[in-house]
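For chain A, the structure is supplied; the task is to place chain B on it using the hints.
Protein chains in written order, with the numbering used here: chain A, 1 to 136; chain B, 1001 to 1413.
Source of the hints: derived by calculation from the structure; they are not laboratory data.
Every value quoted in this text rests on a predicted model; they were computed, and no experiment measured them.
A virtual CB, placed ideally from N, CA and C, is assigned to each residue, including glycine.
Fair warning: there could be bad hints in the mix.
Straight-line C-alpha distance at most 16 Å; calculated EDC-like pairs for lysine to aspartate or glutamate [stated by the list, open to error]:
1. B:K1146 with A:D47
2. A:K58 with A:E79
3. A:K2 with B:E1198
4. B:K1146 with B:D1212
5. B:K1396 with A:E127
Computed far set for chain B versus chain A, every beta-carbon distance over 12 Å [said to hold, decoys possible]:
6. E1041
7. G1215
8. L1228
9. E1355
10. A1410
One letter stands for each residue in the lines below.
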Amino acid sequence: MKYMLIMNTPKDGYTQYMNWPRKVLEANMAFMRTFTRKLGEAGELVDTVGLASPQQAKLVRAGKDGKPVTDGVFPESKEFLAGYWIIDVESPERALAIAAEAAAAPGVPVKAADGSTIDHLWIEVREVMNSVQDMK
Amino acid sequence: MTSPGGDHRIDLLLRDLAPQVLGVVVRRCRDFAASEDAVQEALIAATDQWPREGVPEHPRGWLVRVALRRVTDTVRSDISRRKREAVAADELPLAIAPVMSDESDIDPNDSLVLLFMCCHPSLTSASAIALTLRAVGGLTTAEIAKAFLVPESTIGQRISRAKQSIKSSAVPFQMPDAGESVDRLSSVLHVLYLIFSEGYTASSGAELQRTDLSGEAIRLTRQVRRLLPENPDVAGLLALMLLTDARRLARTGPNGELIPLDEQDRSLWHRRAIEEGVALVSEALARGSVGEYQVQAAIAAVHDEAARVEDTDWPQVQALYEMLIRLTDSPLARLNHAIAAAMVEGPLAGLRLLEPLESDERLRNSHRLDAVRAHLLERAGQREKAVELYRVAAAKTTSLPERNYLLRKAGDG
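This is chain A alone, in the form it adopts within the complex (with noise of 0.2 Å):
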């Protein structure tokens, strides 16, 4: 069965992040390279994907002349996607395991948009739609 791993982070998240000790920025970039490493080994991972700072996100509709329109503005409270890993797993336990040990890479608190300090990593795990599989 297939899980996305997903990591969110605040508007400023990457610029709190850029601001950590260099030690513990060290240490985190350095878990995250293991952790992954490790997930393809296992034979675990599917895909990962790490994405630009929001700072750089635009908001996109549709034109009457169907061209972007990209003068959107992000709600103040919106969490980004930041990035995410799909694991490839034989239980639904073994995918909340796995999204523990991500969610325990070193990092600092970072200040949430509502002003509260939150941890800096928790990992929203969603199951994958498949195809289905019916033996009756």
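Then chain B, alone, in the frame of chain A:
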């Protein structure tokens, strides 16, 4: 194994020969992991050369020779890397000895021994599936990756992990002894069953390109049956696969939508597969040993033998699900039993059988209980409640075709 010219006969020949060649090579050089890599390379070389240059007179001998040369080359380069260890020439494995005639050391049991090894209970099922398809099925890593919609490197890792487990658990290359052969065979059949069900998916869009895993599972199960013709579980599994696969064309519509059993165009069912499956399961049941696969196959046979849905022998289906519940205690068997009971005794009887399942932990996050309840409520004339539950089930399922089917049911009427 797909040759560039797409020569189907060569592909089939290579895949039949793959486990035989591997058996010879493993017995000669005793290193399963290295042999398996070497045979894979030999198969790829043949896929490249044979369509252009013609199939050699002794294709098996050709493959054995190429594979043994690869193993020898690998060992030689390992040795030269360790040359300071002053390795004596007699450490070279038997692989270097010239290959004799083609048929001399073929053991018909090799495929079976390999299956026992690839499906060893110490492996995860994902690893066992990948290794089985490559070592016994003769598929390439790329083909397996495509079939499971994961990257090639992921399948490669699963295969090399499987080989490491085999190496560290020191599974000998021989038939398991009588004491453990029942358990070991049941792991083999389970892996074949998983390969079959992975392939038995609704085909839509890009998935039409998927390697035919169901067909491969049937081919491998046929091989096992040839070697163990008396075994009723093997016959039962093969029958189950044939009787299920026989409905393949009828179970999806032109846009990949799911068509349930009672709405299928039965003229599209594959008659020859049904006849073969029915004969197999009847013979297996007559032997008196009634396992899970035989009962599931018998249920499939009852459905397949009904020319129209209203001809289905539901009392028999109901009785067979009762047997399956006793054998497996599976919640899915209970759900299907409730459906059959509803057909025999009316929807309220079916709904009563669902009540104890409400508290079954195994169905807690599943959409299936809601879907079956919706179906039975609809038949009981409680359309409004049924629509509500169809929607609940649609929101819970992780299968796209099934979600669309459930939403269609919610919208009907």
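Quick rundown of the hints versus the structure:
1. B:K1146 with A:D47: Roughly 14 Å separates the two Cα atoms, so the pair holds.
2. A:K58 with A:E79: Holds, at about 14 Å.
3. A:K2 with B:E1198: holds, 13 Å
4. B:K1146 with B:D1212: holds, 10 Å
5. B:K1396 with A:E127: Roughly 11 Å separates the two Cα atoms, so the pair holds.
6. E1041: holds, 21 Å
7. G1215: holds, 16 Å
8. L1228: Answer for B:L1228: holds, closest chain A Cβ roughly 23 Å.
9. E1355: Check passes; 21 Å lies beyond 12 Å.
10. A1410: holds, 17 Å
Violated hints: none; the structure is consistent with every hint.
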